[in-house]
Amino acid sequence: MLTILFDGIAYGMVLFVLACGLSVTMGLMNFVNLAHGAFAMLGGYITVILMQRLGVPFLLTLPLAFIGVALVGVVLERVLYRPMYGKNHLDQVMFTIGIVFMAVAGADYLMGSSQQIIKLPAWLQGRFNIGGVGIGKYRLFVLVVCGILAFSLQWGFTKTRFGSRLRASVDDARVARGLGIPVNRLFALTFALGSGLAGLGGALGIELMGLDPSFPLKFMIYFLVVVTVGGTSTITGPFFAAMLLGVADVAGKYFVPEIGAFIIYVLMVILLIVRPDGLFARGRA
Amino acid sequence: MTLRRHFLKGVLGLSVAAAMGSAAYAQDVAKIGLILPMTGPFASTGKQIDAAVKLFLAQNGNTFGGKKIEIILKDDTGNADTTRRLAQELVVNDRVAFLAGFGLTPLALAAAQVATQAKVPEIVMAAATATITEASPYIVRTSFTLPQASEPMADWALKNNIKKVFTVVTDYGPGIDAENSFANKFKAGGGTVESVRVPLRNPDFAPFLQRAAEAKPDALFVFVPSGIGAQFMKQFVERGLDKAGVKLIGPGDVVDDDILAGIGDVAIGAITTHHYSAAHDSAANKAFVAAFKAANGGMRPNFMGVGGYDGMRVITEALKKTNGNTDGDALIAAMKGMSFESPRGPIQIDADTRDIVQNIYVRKTEKKDGELYNIEFTIIPMVKDPVKAAKK
Chain A
1 MLTILFDGIA YGMVLFVLAC GLSVTMGLMN FVNLAHGAFA MLGGYITVIL
51 MQRLGVPFLL TLPLAFIGVA LVGVVLERVL YRPMYGKNHL DQVMFTIGIV
101 FMAVAGADYL MGSSQQIIKL PAWLQGRFNI GGVGIGKYRL FVLVVCGILA
151 FSLQWGFTKT RFGSRLRASV DDARVARGLG IPVNRLFALT FALGSGLAGL
201 GGALGIELMG LDPSFPLKFM IYFLVVVTVG GTSTITGPFF AAMLLGVADV
251 AGKYFVPEIG AFIIYVLMVI LLIVRPDGLF ARGRA
Chain B
1 MTLRRHFLKG VLGLSVAAAM GSAAYAQDVA KIGLILPMTG PFASTGKQID
51 AAVKLFLAQN GNTFGGKKIE IILKDDTGNA DTTRRLAQEL VVNDRVAFLA
101 GFGLTPLALA AAQVATQAKV PEIVMAAATA TITEASPYIV RTSFTLPQAS
151 EPMADWALKN NIKKVFTVVT DYGPGIDAEN SFANKFKAGG GTVESVRVPL
201 RNPDFAPFLQ RAAEAKPDAL FVFVPSGIGA QFMKQFVERG LDKAGVKLIG
251 PGDVVDDDIL AGIGDVAIGA ITTHHYSAAH DSAANKAFVA AFKAANGGMR
301 PNFMGVGGYD GMRVITEALK KTNGNTDGDA LIAAMKGMSF ESPRGPIQID
351 ADTRDIVQNI YVRKTEKKDG ELYNIEFTII PMVKDPVKAA KK
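Quick note, the sequences are listed as chains A and B, same order. Position 110 of the first sequence, counting from 1, maps to 110 under our numbering, and the rest follow consecutively. Position 238 of the second sequence, counting from 1, maps to 238 under our numbering, and the rest follow consecutively.
Be a bit skeptical, because a hint or two may be false.
[To be verified] Output of the computed footprint for chain B on chain A, the stretches with three or more beta carbons under 8 Å from beta carbons of chain B:
no.	stretch
1	3-17
2	77-83
3	255-263
Please keep in mind that the hints were generated in silico from the structure rather than gathered at the bench. Here the structure is a predicted model, which is why all the values come from computation and not from measurement. C-beta atoms are modelled at their ideal positions from N, C-alpha and C, and glycine is treated no differently.
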């Protein structure tokens, strides 16, 4: 029973890292970026290529996946995304879904369509027992890494100068600009951070969720559920939403496997009826 | 249709009289429309079969029964609507004498009607749901059926002191086929079975495996499409089921030769029943594997590859028997009852059902010369598809 809870939380943690970048871009920049999953996939493939072709150890590939995707994020933000900020949401959706399809086809062409397989280091394989609760080592590792990330994100967002500037820019970009805050640069940085996180999530998720060219489409729903349920204005919102989703998904499939795959959608419908603005909507006038 | 055939006969007669000796007239060519998923999630199936078909022609030349074989390869991306459209185009525009390939059950079924109406033989080289050959009298299969591979597993398990089995199958045609045929046979023999079905698009096996772990079965029977096998095996070991003494059994898809190296050592010890292993010990297979690897940069042939290879053999043998007559009924008649030695062992095309009859091997995944192989240790000779056998 507790094992299920643990698995669910670990799964939720990965979802959080994958989706929080999306919630940041969506909430802070008011930009609907459906191509977020493509960034996650890129991170996954960076890890796969580094490990399979160059023999880089797994742990080292994680920061590289983060940095690599963040850099790509910066470039794309500059070249492709910035002109789209002012456009309406439909245009943004069309634009980013187009990027998704290009990414899917591109990954298929370059890497082949099969599931990618990586070999974890021995110390991350297997599991141990604590008081009858079986704990997978890799899941524990994921949980710790993502937990630290979530904590530092929350801290950075609320306690640092960067965070307060960012929040100011989001609340009113014009006034913030007037006060001398470099809004464009701030957004670019945030976008890079969000993409980087997605890349990291993609790399961490290979072992739990698999990685193939259809990844961005397969998980788009999950990201969107996290963001809708969690709301887009905080870090804590998506965090708890991801936890809830992860646990509900795993527990649902465990207890009622016949309909397990639908549990999360039912949950989402109920939550959105009860709290249409998301779990932790900040009161906005 | 009859009009066309009369017309063709006329043309044939005329040209035989008029143009003896000059080669490469259209009527001397037999076209094969090869429809495979060359891109998309099932592209590995397409690549294997395409490679096997090319290898067969490279080894045996391309003229059989006086007809020069011409392959027209089409990519259906694993989408049934596309398969149907391609089959129609191949029949109507290209006038193919054979339709072949078909990576998945829905794809094979999508072309069945086209085959029936055009009276063109449809050679199924991969798809494995039992009922496919009933969809058209022009379907001949050279792959296998899941019940054919799954039932012998039940017999083996019963004989080897396995009393309680937990089955995990992917929730679609072949998975349900595998589950039913195994569970029925196993229960009839006195065993107990618990089952879960996993959605086709399932990111994480954790909850299903946890259930399996708590059921404390003697063995876990699994069928998942071959690409996902690696992920499943890893999580099986990660959850400690192997250490808890649970045997991993099932039809051979989960330890597909194509991805076995990628799965790694976690696959060692899996017991599977299947019709082909690249490690099959025969001269025919050794030659096949060596030639296949040499032609494809070291890629190992898997059961899809051998299905394509034998499919070509069936097609070309039929052409020889009919002396190049490409009439659909004549070709099907020539294929019925055909038997020969394949790289997988002896096979036969059942004269009643047009389905394949072949040895099923019980294999254990082991390390041999530093590589993982499924080593066969028991043979169940000439198994017919049990679903169709039961209907009679």
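Quick rundown of the hints versus the structure:
1. 3-17: It holds, with 4 qualifying residues against the three required.
2. 77-83: violated (count 0)
3. 255-263: The restraint on the stretch 255-263 of chain A holds, since 4 of its residues have a Cβ under 8 Å from chain B and three suffice.
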